[in-house]
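Asker: From the two separate chains plus the hints, produce the assembled complex.
Listed in order, the protein sequences are those of chains F and L.
Each residue of the first sequence is one higher than the last, beginning at 1 in my numbering.
Each residue of the second sequence is one higher than the last, beginning at 1 in my numbering.
These aren't lab readings, by the way, just hints derived from the structure by calculation.
Incorrect hints may have been included.
[Claimed, not checked] Among the chain L residues that face chain F by a calculated CB cut under 10 Å, a handful are: (1) W9; (2) L11; (3) N38; (4) H39; (5) M45; (6) H49; (7) A53; (8) W55; (9) N59; (10) P61; (11) A62; (12) V77; (13) I82; (14) S84.
Note that beta-carbon positions come from the ideal geometry of N, C-alpha and C, so glycine has one too.
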Amino acid sequence: MIGRPPFFHPARRHPGDADQALETGRTRLLFTGAMFACAFAVVALRLVDVTLLKEGAGQRSAQLSAAPVLQTGRADIVDRNGVLLATSLKTASLYANPHLIIDAHEAAAKLVKAVPELSREQVYARLVSDKSFVWLYRHLTPRQQYEVNRLGIPGFDFITEERRVYPAGPLAAHALGHTDVDNHGLAGVERQFDETLRTGGAPLRLSIDTRVQHAMREELGRAMRAFRAVGAAGIVQDAHTGELIAMVSLPDFDPNLPASIDSESRFNRATLGVYEMGSTFKIFTSAMALDAGTVTMQGGYDAREPIRVSRFVIRDFHGKRRWLSVPEIFMYSSNIGAARMALDVGTAGQRSFLSKIGMLRPAPVEISEVGQPILPGQWRDISTMTIGFGHGLAVSPVQLSTGVVAMVNGGVLYPPTLIRRDSPTRAGTRVVSARTSGEIRRMMRLVVEDGTGRNAEARGYLVGGKTGTAEKVMGKRYKAKALMSSFVGAFPINAPRYVIFAMLDEPSGTKETLGYATGGWVAAPVVRNVVYRIAPILGIHPVDEGSPAIRQQLAIDIVTKESGKRRLASF
Amino acid sequence: MIKRATLVWVLLAVLSGTGLFLVKYEVQALEERLAAINHDILDDMEAVHVLKAEWAWLNQPARLDDLGRRLLDMEPVSSAQIRSIADIPMRTPDADAPPSTAPRRRPADKPRKLVRNPRTADPVIPLFAQYRRTP
Numbered sequence: 001m002i003g004r005p006p007f008f009h010p011a012r013r014h015p016g017d018a019d020q021a022l023e024t025g026r027t028r029l030l031f032t033g034a035m036f037a038c039a040f041a042v043v044a045l046r047l048v049d050v051t052l053l054k055e056g057a058g059q060r061s062a063q064l065s066a067a068p069v070l071q072t073g074r075a076d077i078v079d080r081n082g083v084l085l086a087t088s089l090k091t092a093s094l095y096a097n098p099h100l101i102i103d104a105h106e107a108a109a110k111l112v113k114a115v116p117e118l119s120r121e122q123v124y125a126r127l128v129s130d131k132s133f134v135w136l137y138r139h140l141t142p143r144q145q146y147e148v149n150r151l152g153i154p155g156f157d158f159i160t161e162e163r164r165v166y167p168a169g170p171l172a173a174h175a176l177g178h179t180d181v182d183n184h185g186l187a188g189v190e191r192q193f194d195e196t197l198r199t200g201g202a203p204l205r206l207s208i209d210t211r212v213q214h215a216m217r218e219e220l221g222r223a224m225r226a227f228r229a230v231g232a233a234g235i236v237q238d239a240h241t242g243e244l245i246a247m248v249s250l251p252d253f254d255p256n257l258p259a260s261i262d263s264e265s266r267f268n269r270a271t272l273g274v275y276e277m278g279s280t281f282k283i284f285t286s287a288m289a290l291d292a293g294t295v296t297m298q299g300g301y302d303a304r305e306p307i308r309v310s311r312f313v314i315r316d317f318h319g320k321r322r323w324l325s326v327p328e329i330f331m332y333s334s335n336i337g338a339a340r341m342a343l344d345v346g347t348a349g350q351r352s353f354l355s356k357i358g359m360l361r362p363a364p365v366e367i368s369e370v371g372q373p374i375l376p377g378q379w380r381d382i383s384t385m386t387i388g389f390g391h392g393l394a395v396s397p398v399q400l401s402t403g404v405v406a407m408v409n410g411g412v413l414y415p416p417t418l419i420r421r422d423s424p425t426r427a428g429t430r431v432v433s434a435r436t437s438g439e440i441r442r443m444m445r446l447v448v449e450d451g452t453g454r455n456a457e458a459r460g461y462l463v464g465g466k467t468g469t470a471e472k473v474m475g476k477r478y479k480a481k482a483l484m485s486s487f488v489g490a491f492p493i494n495a496p497r498y499v500i501f502a503m504l505d506e507p508s509g510t511k512e513t514l515g516y517a518t519g520g521w522v523a524a525p526v527v528r529n530v531v532y533r534i535a536p537i538l539g540i541h542p543v544d545e546g547s548p549a550i551r552q553q554l555a556i557d558i559v560t561k562e563s564g565k566r567r568l569a570s571f
Numbered sequence: 001m002i003k004r005a006t007l008v009w010v011l012l013a014v015l016s017g018t019g020l021f022l023v024k025y026e027v028q029a030l031e032e033r034l035a036a037i038n039h040d041i042l043d044d045m046e047a048v049h050v051l052k053a054e055w056a057w058l059n060q061p062a063r064l065d066d067l068g069r070r071l072l073d074m075e076p077v078s079s080a081q082i083r084s085i086a087d088i089p090m091r092t093p094d095a096d097a098p099p100s101t102a103p104r105r106r107p108a109d110k111p112r113k114l115v116r117n118p119r120t121a122d123p124v125i126p127l128f129a130q131y132r133r134t135p
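Extracted from the complex, chain L is given alone in its bound form (with noise of 0.2 Å):
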């Protein structure tokens, strides 16, 4: 009777003691990966930060200022061109009239203008892309 008590108590001893072997390397591991993966969010952070440098420094004023008017033709807003909503007339009984049939002319049936690859017109060299880490 006191054999089959003892035998109770030495295997539950054993049974914790596995236990704890267990919890104990499961959390040893997980831990690990936890110390890992902040490990690789300070190093993307890291990365993030050098990406915003260079995105500040393609996004200079000075260069697209020069990709617009070399690229697509802009220029800087004439006083001209900016009109409030007041000035629009109001909407006339003419207006109402079905629109004519005639077929509305779609911008895909303008002209396309030959716009250069800004790849290879860029003269902007984004020096930062050097920070940037290797992975």
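Bound conformation, chain F alone (with noise of 0.2 Å):
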């Protein structure tokens, strides 16, 4: 029996006392009870909730066992296929406390028998300097890294840098650009997309196509040695979505060696540079004219005497000295004719015209080096005759190509681009009718039929293309004997799924052309060349050039007016 509390001392208090006290108790201890049980209760839930369900044990474990994440600092850049054009990778560079060093003269000997990229007087003046901190060398290899480490010389150290590296090499050097030492971008995509490459995450996939950029990169390099030209450009580009194939431009540059480029290869001929086009630019003449109606495919114009404007004579190259009609024109790239066909239009016309298909504002390309159209000052009848056979207005190649990837696919314009288009069909603006793209495009088939560019025609893949050749501008004067020779095509020209411009800056002519370094000579030999070894690439079906159907597509009608007769050409 437990003994009872002292106030529970029954002899001060009445019976009923007793049970009062007893009572009173109880309900003390239950609620000290209850009290204790819910302080207890608290505990155990904190527990469950600390142990169990917040952070601590349990998101540790969860980092733990989650995969890990290779922490790239610059996203990758792959070609419209995933194949790697720029990565980059883990290096160590070197650095030094000067404080630190105990013989200068030592470690200076020491570090150049390891790194034998460095000058021993550089690393010394380096080494005694004031400062706590100075590079030594940037991106070792881990060979070098080791053998540094084990020279074992106090106060040097590491940090773990990324290099941007460019696995293809010069491949497509102008698109991709170059990065500085901080992996800056410098130049091209790099430079244009510097954000979103530096928060890393998806590859960056470009428009390019490694197997056509090779393919025209080396046949423009044959070509360029073969005529001892000082530089050459060459484009790709899809006929329905604007997307840049392949962009070229000769002579280029290693971006993983970025302190070796030189003005010359750093300087992008595909959209840096601007060019008078010569005759190429007659297929945006004729098609300004067909589509206006101010001439039709019957109509012609009289080629028999230059005309003279003032000091200016306008002559033909390839002169037939008769009525021409304009598949004629075309064909025989007459400069006259392309001349009366501007000045039917006019010049508030082709001013419009060649805005609308962006000949007068630098190419929408996703880089930073696109260069400004030079327009004609005041732009009189002169100038709308020169400019109706490519004089007188500079435009880049990127911008030529464009135009004329909507001359051919029906009319529809696409902005030109470096990033691939997943969507199939891309917002495009209709500058002519599918009736004169269709003109144009048997005109351009003409061409190589019959005309200038017959050394373009690719046996199989129906290659049309339009000749140009342009003296260059030397200050304000022409530079004889200084030729862009350039030429631009399609194929295959009934149904183009592809435009193809090659170019040569300066070539000098052979004995093979003839001693001749005119487009038609040096250019368009370029691409059909690459047309033979892009089509099968690009899963293009060589067809029966003779076949009823496609004769029938191409089919053009050309007046005679001497004669009186008509020939259908093509037959």
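Answerer: This is the structure we're talking about:
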């Protein structure tokens, strides 16, 4: 029996008081017990919360068990098929704290032995400087890092850095651009998409196809050597999206070695260079005139006499000295005919048409090296005439090729792009009618079949195109014998899939070309060779040019006034 | 009686303490292993990353082109070499005749072209190999 607490003493209280006190005591006990139970419950709940539910052990184990993710500082760049074009590799960079160096002479001597790229005097000068941080060598190879580590010089230490590498070397140099030693984009898409690339994440997918790019680069390089040209540019563009499948500018550079890039190879002839394109502009002049209705395919102009306007004389290179129909003007590349055709449309009409197809403003391509077209100071009638055959207005090759895409694909202009577009149809703007586009295609085929572009004929692939040869402007005069020879084509011309452009800067004729260095002799063969190489890669099936269906698609009515007869070309 | 109950409780406390101790150490060991494995995975991912760069380097179209020409006598496909299925004529009754008994020439009988050792003939030095981490 447990003894009662002293305040339960019965002698001091009434008999009923004892029960009362007992009751109070029990209530108090119950209350205290409940309070303790509550407190323990809180502790228990908190325990469950801390150990099982909330952050702490739970998250730690989650962190540990999650699959590790490789952090790369700068996102990769890949081509349209996922081939790696630019990536970042981890490297160690060596720095020193000169205050901790004991013997700078010895340290410098030892370091130069391990890293032969360094000069001893330079290292010594840095090691005795009064700073607490000096770079000694950025981006060591793992072997060099090991060697340096083995020297055991106090005061030397490494920082892990990222180095941008371009496994394809100079292949797509101008499209990619390059970065500086701190991985900031300095040119090309590296510069344009610097912010996006720096946040890491998914690779940037370009529209370039490395295989096509290689074919174009190699053929251009070969032609450049053969004709001793100072430079070259080449473009392959999708005729239904405006994507640049290949964009080459020669000479080019290796973006892996940014220090060795000179201004000549840095210059992007495909987008930054603006040139008077010459006769390839007759595509636009003809399309403009046919679309405006100032002339029809049966119409034509008198090309017997050169045109004299003040001190200018407009002559024909392949002079026929007779009335020429529109297809003949195109085929024989008559400057007189093109000038008259442009004049008929008028200055305002020409200006608005060229503006509509993007010839008067820089190409909206996603790199910063884009050239501003050079417009005539005063757009007079003489300007209208000369621009009709491609003189007096300088545009970049990518502008020209984008314009030609619109002329051949049924009349829809797509802005040029270096980024792969996944949607099959891009929004474009109609610039000429489908009918005009069909007429232009037929005339372009005629040039390759029968005109100045015969060297571009790639059997089975139905190349159509237009040659262009312009004298280069040097200061205020045209430089005699310095030509810009180009060819712009599309294939297969009955339903174009790709537009292809090649241009050589200051080529010289050879024995094989009978001394000619015109577009038809130097640039057209490049296009032919490239078409032969890329068509199987791009899945274009060769066709029989002689088949009636294709003949009918490309048949053209040539009216010859003198004989009063009509003859059907392509037959 | 009270003593026995106390003993049981003490025993339980010791057991659970020991259990906790053992589990804790096991978890710690497992966590260390996990961290080590994760570290290895990361190392391997980095190595794969370097190898991808090297793969792209070795697959430069210019190099493949050169190797194909020099070692395999490859040439670009000409349009005359491409035909569609529709161009192949239908099988004639003659073709159903039993095959001739003359022994067919096996590809192995063809005189084989001597192929140079690609290792020594290869002019491209795998530049990125130097970035591969040595184990």
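Asker: Work down the list of hints and note, for each, if the structure agrees.
Answerer: Status of each hint after checking the structure:
{"no.": "1", "hint": "W9", "result": "17 Å, violated"}
{"no.": "2", "hint": "L11", "result": "23 Å, violated"}
{"no.": "3", "hint": "N38", "result": "5 Å, holds"}
{"no.": "4", "hint": "H39", "result": "8 Å, holds"}
{"no.": "5", "hint": "M45", "result": "4 Å, holds"}
{"no.": "6", "hint": "H49", "result": "6 Å, holds"}
{"no.": "7", "hint": "A53", "result": "5 Å, holds"}
{"no.": "8", "hint": "W55", "result": "8 Å, holds"}
{"no.": "9", "hint": "N59", "result": "7 Å, holds"}
{"no.": "10", "hint": "P61", "result": "3 Å, holds"}
{"no.": "11", "hint": "A62", "result": "6 Å, holds"}
{"no.": "12", "hint": "V77", "result": "5 Å, holds"}
{"no.": "13", "hint": "I82", "result": "5 Å, holds"}
{"no.": "14", "hint": "S84", "result": "7 Å, holds"}
Violated hints, listed in ascending order, are 1, 2; each of the other numbered hints is respected by the structure.
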